[in-house]
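Using this note's numbering, read the sequence shown as starting at 5 and increasing by one per residue.
Derived by calculation from the structure, the hints in this document are not laboratory data.
A quick note: this is a predicted structure, and the numbers were derived from the prediction, not measured.
Here a beta-carbon is modelled for each residue, glycine too, at the ideal position from N, C-alpha and C.
Among the hints, a few may not be true.
Just the calculated beta-carbon pair ranges, DEER-fashion [as the list claims (entries may be wrong)]:
id	residue 1	residue 2	range
1	S275	N249	25 to 35 angstroms
2	A230	I208	18 to 28 angstroms
3	D39	G166	15 to 25 angstroms
4	Y34	R277	37 to 47 angstroms
5	G40	Q82	27 to 37 angstroms
6	S275	K21	53 to 63 angstroms
7	Y34	G166	47 to 57 angstroms
Quick list of in silico lysine-lysine cross-link-like pairs, BS3-like style, CA-CA up to 30 angstroms [to be verified]:
id	residue 1	residue 2
8	K42	K21
9	K13	K170
10	K81	K42
11	K235	K170
12	K51	K21
13	K235	K18
14	K175	K42
15	K18	K269
16	K235	K21
17	K81	K18
18	K226	K170
19	K51	K226
20	K13	K51
21	K245	K170
22	K18	K175
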Amino acid sequence: MHALTGQDKLAFNKLQKRLRRQVGNAIVDYGMIRDGDKVMVCLSGGKDSYTMLDILMNLQRNAPVSFELVAVNLDQKQPGFPEHVLPEYLDGVGVPYHIVERDTYSVVKEKTPEGKTTCAICSRLRRGTLYGFAEEIGANKVALGHHREDMLETLFLNMFFGGTLKSMPPKLLSDDNKNVVIRPLAYCREADIAEYAEWREFPIIPCNLCGSQPNLQRQVVKEMLAEWEDKHPGRLETMFKSITNVAPSQLADRDLFDFVGLEDKQREFQSKRIEALDVLTREA
Numbered sequence: 005m006h007a008l009t010g011q012d013k014l015a016f017n018k019l020q021k022r023l024r025r026q027v028g029n030a031i032v033d034y035g036m037i038r039d040g041d042k043v044m045v046c047l048s049g050g051k052d053s054y055t056m057l058d059i060l061m062n063l064q065r066n067a068p069v070s071f072e073l074v075a076v077n078l079d080q081k082q083p084g085f086p087e088h089v090l091p092e093y094l095d096g097v098g099v100p101y102h103i104v105e106r107d108t109y110s111v112v113k114e115k116t117p118e119g120k121t122t123c124a125i126c127s128r129l130r131r132g133t134l135y136g137f138a139e140e141i142g143a144n145k146v147a148l149g150h151h152r153e154d155m156l157e158t159l160f161l162n163m164f165f166g167g168t169l170k171s172m173p174p175k176l177l178s179d180d181n182k183n184v185v186i187r188p189l190a191y192c193r194e195a196d197i198a199e200y201a202e203w204r205e206f207p208i209i210p211c212n213l214c215g216s217q218p219n220l221q222r223q224v225v226k227e228m229l230a231e232w233e234d235k236h237p238g239r240l241e242t243m244f245k246s247i248t249n250v251a252p253s254q255l256a257d258r259d260l261f262d263f264v265g266l267e268d269k270q271r272e273f274q275s276k277r278i279e280a281l282d283v284l285t286r287e288a
């Protein structure tokens with residue numbers, strides 16, 4: 005990061021403090037990191053994971069609890085991937101790290117039909133490899149760099165194409181119950197992360213496997229949300245609050261709310277009301 009002076013320094017400090025506060029609040033609100041945790045920070049080489057690692061290292065120095073950080077990158081053997089970039093960066097910042105080499109690129113290309121996007125299978129392979137490696141190194145938390153917009157995009161992708169009302173939770177237990185996954189950037193705006201990455205001059209590595217795919221539905225949803233925010237500033241913040249403030253009785257999921265039993269609840273209420281009135285009448 006180049007030396008800052010005057011207004012630039014003030015702007016950077018303000019941005020850094022905001023990101024630190026939002027990450028700290030998310031950690032506290034969802035109990036993401038506890039004393040003695042070993043947190044595996046998944047580093048892809050993109051702006052989000054760089055920012056996550058940077059802010060977590062910053063918080064680690066002053067946190068009220070003691071926790072360990074270890075950065076892990078999955079080298080998927082994409083053609084042209086600059087293998088030297090991440091080790092040089094991680095050596096420079098002084099964080100312990102591992103580079104896990106798995107040729108998932110060839111598997112993804114082989115298994116993905118012509119014209120289809122690679123995201124689903126790539127994500128599954130990447131997740132499985134990283135979760136398994138976390139267990140190998142004794143990490144009890146796996147930190148992913150998804151931010152507020154990622155969570156909202158996932159919400160709409162599931163609504164539009166999956167017929168489910170779900171997003172990315174800030175904290176979850178993996179399907180095999182072996183890994184606790186955390187998303188420390190859950191409260192952070194993508195625009196703030198992008199600006200922070202510019203200030204910090206992170207050595208960004210673009211993903212040529214998925215980022216440039218045509219007809220990527222996530223990109224369509226991203227553009228839709230950006231347009232809404234441009235026309236109605238603050239809308240995304242309000243939308244994000246909605247996924248933290250769910251009212252099951254106002255939806256239609258029979259597993260989350262007992263709609264069939266409403267009459268029984270009504271009768272029970274009426275019975276108690278009548279009993280209370282009888283007592284008051286006798287006392288009068």
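Right, here's what the structure says about each hint:
1. Distance hint check: the CB atoms of S275 and N249 are about 32 angstroms apart, consistent with the given range 25 to 35 angstroms.
2. For A230 and I208, the hinted distance range of 18 to 28 angstroms is satisfied, since their beta carbons lie about 20 angstroms from each other.
3. The hinted range of 15 to 25 angstroms is not satisfied by D39 and G166, whose Cβ atoms lie roughly 38 angstroms apart.
4. Range check, Y34 to R277: about 39 angstroms between beta-carbon atoms, so the 37 to 47 angstroms window is met.
5. As the Cβ distance of G40 to Q82 is approximately 36 angstroms, the hint placing it in 27 to 37 angstroms holds.
6. A C-beta distance of roughly 56 angstroms is found between S275 and K21, which places it inside the suggested range of 53 to 63 angstroms.
7. The hinted window of 47 to 57 angstroms between Y34 and G166 is violated, with their beta carbons roughly 24 angstroms apart.
8. Using a Cα cut-off of 30 angstroms, the hinted pair K42 and K21 holds, with the two alpha carbons roughly 24 angstroms apart.
9. Between K13 and K170 the alpha-carbon distance is near 40 angstroms, which puts this suggested pair outside the 30 angstroms criterion.
10. Between K81 and K42 the alpha-carbon distance is near 27 angstroms, which keeps this suggested pair within the 30 angstroms criterion.
11. Pair hint K235 plus K170 holds up; C-alpha atoms about 25 angstroms apart against a cutoff of 30 angstroms.
12. A C-alpha spacing of about 18 angstroms is found between K51 and K21, which places the hinted pair at or below 30 angstroms, so the restraint holds.
13. Distance hint between K235 and K18 is fulfilled; the C-alpha atoms sit about 26 angstroms from each other, no more than 30 angstroms.
14. Between K175 and K42 the alpha-carbon distance is near 15 angstroms, which keeps this suggested pair within the 30 angstroms criterion.
15. Restraint check for K18 and K269: not satisfied, since their Cα atoms lie roughly 52 angstroms apart, outside the 30 angstroms limit.
16. Distance check on the hinted pair: K235 and K21 sit about 28 angstroms apart at the alpha-carbon level, within 30 angstroms; holds.
17. Proposed proximity of K81 and K18 is contradicted: the alpha carbons are some 38 angstroms apart, above 30 angstroms.
18. Taken as a hint, the K226 and K170 pair is honoured in the structure, with Cα atoms around 17 angstroms apart against an allowance of 30 angstroms.
19. Restraint check for K51 and K226: the C-alpha separation of about 17 angstroms stays at or below 30 angstroms, so the hint holds.
20. In summary, the hint linking K13 to K51 is supported, as the alpha carbons are separated by about 20 angstroms, within the 30 angstroms threshold.
21. Straight-line distance between C-alpha atoms of K245 and K170 comes to about 14 angstroms, which keeps the hinted pair within the 30 angstroms bound.
22. The straight-line distance between the Cα atoms of K18 and K175 is roughly 27 angstroms, inside the 30 angstroms bound, and the hint therefore holds.
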